[in-house]
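Peer 1: Spelled out from the first residue to the last, the chains are:
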Amino acid sequence: MKSIDSYLRTRFMPHIWCPGCGHGTVLNGLIRSVDAVGLNKNELVMVSGIGCSARIAGYLDFHTLHTLHGRALAFATGVKMSRPDLTILVPMGDGDALAIGGNHFIHAARRNIDITVIVLNNRIYGMTGGQFSPTSGCGIQATTAPYSSIDQPFDAVQLASAAGATFVARTTTYHVNELEQLLTRAIRHHGFSVVEVLSQCPTHFGRRNGHQETVEMLRHFKEGTAKVGSRQLAEQVDLIPRGVFVDEERPEYCDQYAEVIQRAQAARAGGAGGEEPQ
Amino acid sequence: MARTAIKDIVINQEWCKRCGICSTFCPKDVFETDAEGTVTVAHPEACIACELCERMCPDLAIHLEYEPPAEAPA
Amino acid sequence: MSASGSTATGPRTVFVQGNEACAEAALYAGLSFFAGYPITPSSEIAEHLSRELPARGGRFIQMEDEISSMAAIIGASLTGSKVMTATSGPGFSLMQEALGFAIMAEIPCVVVDVMRGGPSTGLPTQGSQGDINQVRWGTHGDHSIIAITASTHQHLFEATVRGFNLAETYRTPVVVLFDEMLGHMRERLVIPEPGELPTVDRLRTSVPEGVDYHPYLTREDGRLPMSDFGGVHRYNVTGLYHDMWGFPSTDPAIVDDLAHHLHDKLELRADELASVRTYGMEDAEVVLVSYGSPARSARQVVHEARLNGQPLGLLELETLWPFPAGVVRRACRSVRAVIVVEMNMGQMLRHVKAAVDAPERVFLSNRVDGRFITPRDIRRVLRIVEGQGE
Numbered sequence: 001m002k003s004i005d006s007y008l009r010t011r012f013m014p015h016i017w018c019p020g021c022g023h024g025t026v027l028n029g030l031i032r033s034v035d036a037v038g039l040n041k042n043e044l045v046m047v048s049g050i051g052c053s054a055r056i057a058g059y060l061d062f063h064t065l066h067t068l069h070g071r072a073l074a075f076a077t078g079v080k081m082s083r084p085d086l087t088i089l090v091p092m093g094d095g096d097a098l099a100i101g102g103n104h105f106i107h108a109a110r111r112n113i114d115i116t117v118i119v120l121n122n123r124i125y126g127m128t129g130g131q132f133s134p135t136s137g138c139g140i141q142a143t144t145a146p147y148s149s150i151d152q153p154f155d156a157v158q159l160a161s162a163a164g165a166t167f168v169a170r171t172t173t174y175h176v177n178e179l180e181q182l183l184t185r186a187i188r189h190h191g192f193s194v195v196e197v198l199s200q201c202p203t204h205f206g207r208r209n210g211h212q213e214t215v216e217m218l219r220h221f222k223e224g225t226a227k228v229g230s231r232q233l234a235e236q237v238d239l240i241p242r243g244v245f246v247d248e249e250r251p252e253y254c255d256q257y258a259e260v261i262q263r264a265q266a267a268r269a270g271g272a273g274g275e276e277p278q
Numbered sequence: 001m002a003r004t005a006i007k008d009i010v011i012n013q014e015w016c017k018r019c020g021i022c023s024t025f026c027p028k029d030v031f032e033t034d035a036e037g038t039v040t041v042a043h044p045e046a047c048i049a050c051e052l053c054e055r056m057c058p059d060l061a062i063h064l065e066y067e068p069p070a071e072a073p074a
Numbered sequence: 001m002s003a004s005g006s007t008a009t010g011p012r013t014v015f016v017q018g019n020e021a022c023a024e025a026a027l028y029a030g031l032s033f034f035a036g037y038p039i040t041p042s043s044e045i046a047e048h049l050s051r052e053l054p055a056r057g058g059r060f061i062q063m064e065d066e067i068s069s070m071a072a073i074i075g076a077s078l079t080g081s082k083v084m085t086a087t088s089g090p091g092f093s094l095m096q097e098a099l100g101f102a103i104m105a106e107i108p109c110v111v112v113d114v115m116r117g118g119p120s121t122g123l124p125t126q127g128s129q130g131d132i133n134q135v136r137w138g139t140h141g142d143h144s145i146i147a148i149t150a151s152t153h154q155h156l157f158e159a160t161v162r163g164f165n166l167a168e169t170y171r172t173p174v175v176v177l178f179d180e181m182l183g184h185m186r187e188r189l190v191i192p193e194p195g196e197l198p199t200v201d202r203l204r205t206s207v208p209e210g211v212d213y214h215p216y217l218t219r220e221d222g223r224l225p226m227s228d229f230g231g232v233h234r235y236n237v238t239g240l241y242h243d244m245w246g247f248p249s250t251d252p253a254i255v256d257d258l259a260h261h262l263h264d265k266l267e268l269r270a271d272e273l274a275s276v277r278t279y280g281m282e283d284a285e286v287v288l289v290s291y292g293s294p295a296r297s298a299r300q301v302v303h304e305a306r307l308n309g310q311p312l313g314l315l316e317l318e319t320l321w322p323f324p325a326g327v328v329r330r331a332c333r334s335v336r337a338v339i340v341v342e343m344n345m346g347q348m349l350r351h352v353k354a355a356v357d358a359p360e361r362v363f364l365s366n367r368v369d370g371r372f373i374t375p376r377d378i379r380r381v382l383r384i385v386e387g388q389g390e
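Chains as they are written, first to last, in our numbering: chain E, 1 to 278; chain A, 1 to 74; chain X, 1 to 390.
Keep in mind that the hints were calculated from the coordinates and are not lab data.
Check the hints yourself; a few may be wrong.
[Unchecked claim] DEER-style ranges, computed between Cβ atoms:
1. A:A35 to E:S6: 33 to 41 Å
2. X:H261 to E:S230: 51 to 59 Å
3. A:L64 to E:R188: 42 to 50 Å
4. E:R250 to X:W137: 51 to 59 Å
Ideal placement from N, C-alpha and C gives every residue a C-beta, glycine not left out.
Okay, chain E solo, but in the shape it has when bound (with noise of 0.2 Å):
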């Protein structure tokens, strides 16, 4: 592959995130993806929110977009829209996807837009200092939850599978080589993807949940979770499934544009196109 540094902005390495943050490891393995589906640098677009996850875009040398919290995915319609050709890469945190951005989320996903999401799930809002997200789940210490969580979860691969997205997985920051073949498949899918990316933050979810190191975080990854058909899986189901869990295709909506542009083409031609909408 070509080297990780002809894909970084380097002048601005070492990055922001904590030691042991989880989100430099999805980095480095979109970098290897994006280098595995052999991508210019001129072609990809990446459009993030607010948050840790955001940050990701600051450090690529694509063209790169960091807008709103929650908020990606509305521009990157926007810019796919109008340059269908491009690839677009959204990298959003729990509480950036699912929760300031749940509407969006779901809307992209319905429509089948060609966008890879990576939702970086580490279960916290690490910028703004530790307050509980949409994926923290029940019995969580936050500090917007000082005597524990009593919000249920959503579960990110169930809500964008029942949303229309074309392409859905799940993997970890543990199962690296997992990642880089999910993420893979995902840029390559002509479609809406997503890959969920358990992403450990020590600092604001390991030291309050019991977690003191980093290296036990990914420990959990690799011992609570499975791969989806495994024989494992079925045995304990406490365990989270990782793996493809949609892989389907379906119009992508650019496509279907496109074909919108020809018959209202057609129609104004006066050909057989179709008629003139009243």
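With chain E fixed as given, assemble chains A and X onto it according to the hints.
Peer 2: Chains A and X only, in chain E's frame:
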């Protein structure tokens, strides 16, 4: 194609934040960590080039350098 | 309005709603991407463009809300498209967040706000001019913005085209504001021939590939040439304070420079950006200051007054922001009285008072009941101001 031999394992100490992931998960104990968390390559000969350290490193601070592929016999 | 049967060139005379006039003007100006969400009384703009844009090779998308509509046009603008969204008060409130982003990141875009009565859901199907100050101050933080309006369909067409030109020239959002009455009223519109009205294209950088391009380094003439996403220059765009490459910075010198740049690039050009129309102002002793559909009634009052030999004039504002204070001050110098005619509680009144030499001689003729301001309403205030009782 068989993997060519490891030439070097380079750690960018400027980028490394000393989280300990590489030394903990290396299957062959290639790394050593001092009291301050600074990681060094103590046993490069033990490396099996699994790339786990390079891929897991959240600081993108480890790079495996390979020997150039040997020329095919004439 | 249907374009069928029309010729591709030559002026076309049509009988349309103000909303359709605005949409046609956007197409004339080169609109190629529209994102929007249905809301009364602006929906006809989206409907018209959903039909016309694809027929002309452009793109239309109905988003999930106004937040995403505003965001989507910013994304599309960065690829080089001329973009617009349209809404009304409640939707415009939701757009404030991304509107601020467009101001900070200097993204050319046009936002149409067809004003209805507020606050909140207010009066969805009736007119108001209640959003005037929201346009100026709706998004947080110090900033400046361009807002323009008009009182007839023909003028609205010209103002909308001008809005696109200003957005491209100054790399800023431009808000085209008009009220429900203008939006839904039908009247004659002559769509000019291509080339008849000037249109400004995106200024793109001449910096070649491989040479350092600074997306936020102002040229000597104050302009910032752009590079399309997908092109040879890869840079960063952010809502954070940023350096000349677009990367976040908290350096006090960089922050101070950018804060002043965003404010000054428009506020110091207030005279240059001012567009007004005058009626009977040459020797006016009493001046009506108005904008949007109330200016139609004000014109009627001036017309009748002139027939009776009364020295009444009308200063119709088409640029609302930056407020044309210099033009208003000069026009109202040495007049006996100024009456601001508007459909709100006096949102422009205070700015007119602040601009003129004698604020105690500035009065208000307004309605906030969702009904049109009639010539009779204005004449009633005029009589009181002239000391003639009701």
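Peer 1: Which hints from the list above does the structure break, by number from lowest to highest?
Peer 2: 3, 4
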